[in-house]
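Asks: In case you want the letters, here they are:
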Amino acid sequence: MSALLAEAPRVRVRTEPEDGDLVALTLRGNTEAFATLVERYDRAVYHLAYRTLHDVEEARDATQEAFFKAFRSLRTFRPGSKFSTWIFAITYHACCDRLSRRKHYASEELPDRADATPGPEARVIALDEASRLRSAIDALPEKYRTVVTLFHLQGKQYEEIATVLGLPMGTVKTHLFRAKEQLRRLLSGMEVTES
Amino acid sequence: MRMDELERAIMELPLEEPPEGLRASILLATAHRPAPAFSFYELAGIGTLGAIALWLIVVLVSGGGALFVHTLAAIGSVVLRSFSNVAFVSWLATGAAAALWLTLLTGTQPLAALSHRSDRQGRR
Numbered sequence: 001m002s003a004l005l006a007e008a009p010r011v012r013v014r015t016e017p018e019d020g021d022l023v024a025l026t027l028r029g030n031t032e033a034f035a036t037l038v039e040r041y042d043r044a045v046y047h048l049a050y051r052t053l054h055d056v057e058e059a060r061d062a063t064q065e066a067f068f069k070a071f072r073s074l075r076t077f078r079p080g081s082k083f084s085t086w087i088f089a090i091t092y093h094a095c096c097d098r099l100s101r102r103k104h105y106a107s108e109e110l111p112d113r114a115d116a117t118p119g120p121e122a123r124v125i126a127l128d129e130a131s132r133l134r135s136a137i138d139a140l141p142e143k144y145r146t147v148v149t150l151f152h153l154q155g156k157q158y159e160e161i162a163t164v165l166g167l168p169m170g171t172v173k174t175h176l177f178r179a180k181e182q183l184r185r186l187l188s189g190m191e192v193t194e195s
Numbered sequence: 001m002r003m004d005e006l007e008r009a010i011m012e013l014p015l016e017e018p019p020e021g022l023r024a025s026i027l028l029a030t031a032h033r034p035a036p037a038f039s040f041y042e043l044a045g046i047g048t049l050g051a052i053a054l055w056l057i058v059v060l061v062s063g064g065g066a067l068f069v070h071t072l073a074a075i076g077s078v079v080l081r082s083f084s085n086v087a088f089v090s091w092l093a094t095g096a097a098a099a100l101w102l103t104l105l106t107g108t109q110p111l112a113a114l115s116h117r118s119d120r121q122g123r124r
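Heads up: the sequence lines are chains A and B, in that order.
The first sequence begins at 1 in my numbering and counts up by one.
The second sequence begins at 1 in my numbering and counts up by one.
No wet-lab data here; the hints were simulated from the structure.
Here a beta-carbon is modelled for each residue, glycine too, at the ideal position from N, C-alpha and C.
Check before you lean on any hint, since a few could be wrong.
[Said to hold, decoys possible] Listed below are several chain A residues computed to face chain B (Cβ distance under 7 Å; list not exhaustive):
id	residue
1	34
2	38
3	40
4	130
5	152
[Said to hold, decoys possible] Straight line, CA to CA, 16 Å or less: simulated EDC-like cross-link-like pairs of lysine to aspartate or glutamate:
id	chain 1	residue 1	chain 2	residue 2
6	A	156	B	17
7	A	173	A	159
8	A	69	A	42
9	A	156	B	20
10	A	173	B	7
11	A	103	A	142
Please take these sequences and the hints and turn them into a complete structure.
Replies: In structure tokens form, the structure reads like this:
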């Protein structure tokens with residue numbers, strides 16, 4: 001009996017509703033279901049926005065915009081697809097719009113913006129490992145940085161990352177491989193500088 | 001650093017901390033958005049009534065409303081005469097009471113539904 005009780009928590013059925021169920025509930029008028037989706041994904045969405053835009057206020061606005069667009073166009077969400085991929089794609093497009101507006105107003109070359117940041121290596125010497133890695137990611141070109149951020153959020157789901165970015169899966173894998181190569185070089189360079 | 005170590009390190013990076021109040025503002029714009037004071041059909045009704053009222057005013061002001069005024073006065077006098085008749089008012093009151101009683105009995109309670117709706121709007 002005690003063995004059975006000990007087993008109980010492991011076989012407990014997960015009662016949390018799936019994202020797709022929450023979308024369906026929202027479409028039936030239960031707006032609290034959407035609140036649950038916001039609670040699940042607001043941090044990840046903000047992370048993606050911030051890592052893409054590098055500006056707290058703009059990332060905040062992009063996050064709000066993404067959720068607002070998702071709420072308004074929830075009927076276009078295809079049942080069976082992943083809500084995370086969908087909301088990340090909306091966020092990514094919101095960020096791209098902001099980046100192109102920024103480019104339009106500032107007339108700066110955005111993909112090189114991160115590279116032009118003066119000496120990320122110099123800034124990271126005294127930082128801990130996570131901060132060093134984050135700074136190294138910041139030093140990557142825009143296209144690699146976004147792929148790494150999505151890899152961080154979605155794991156090895158290359159197809160999902162490709163859907164978010166609207167790129168072929170092969171391109172995503174290539175970008176990720178090159179990004180990791182650059183990160184390795186950058187991090188080992190930092191270690192040499194430190195020692 | 002090996003590739004698998006790097007991948008693990010990326011995966012283990014903490015997420016950015018969102019600014020305070022972000023979730024609240026998202027919810028306020030989406031799930032907890034206050035209900036509009038009027039529904040679409042109510043707005044359409046109000047708009048139609050407003051348009052009719054405006055049209056009548058234009059007709060009256062432009063001087064072509066003599067017939068309209070005459071008809072309105074006739075209707076008004078009929079209504080006044082009806083409501084000054086005790087029998088008419090009694091039958092009207094009896095009919096209204098019966099209708100209210102029947103709706104309460106059958107469960108289709110328009111008054112209860114209305115009060116429930118105003119409660120919900122008040123809570124929001």
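Asks: All hints, please: hold or fail.
Replies: These are the hints, each one checked on the structure:
no., hint, result
1, 34, "4 Å, holds"
2, 38, "5 Å, holds"
3, 40, "11 Å, violated"
4, 130, "6 Å, holds"
5, 152, "5 Å, holds"
6, 156/A <-> 17/B, "23 Å, violated"
7, 173/A <-> 159/A, "10 Å, holds"
8, 69/A <-> 42/A, "14 Å, holds"
9, 156/A <-> 20/B, "31 Å, violated"
10, 173/A <-> 7/B, "13 Å, holds"
11, 103/A <-> 142/A, "13 Å, holds"
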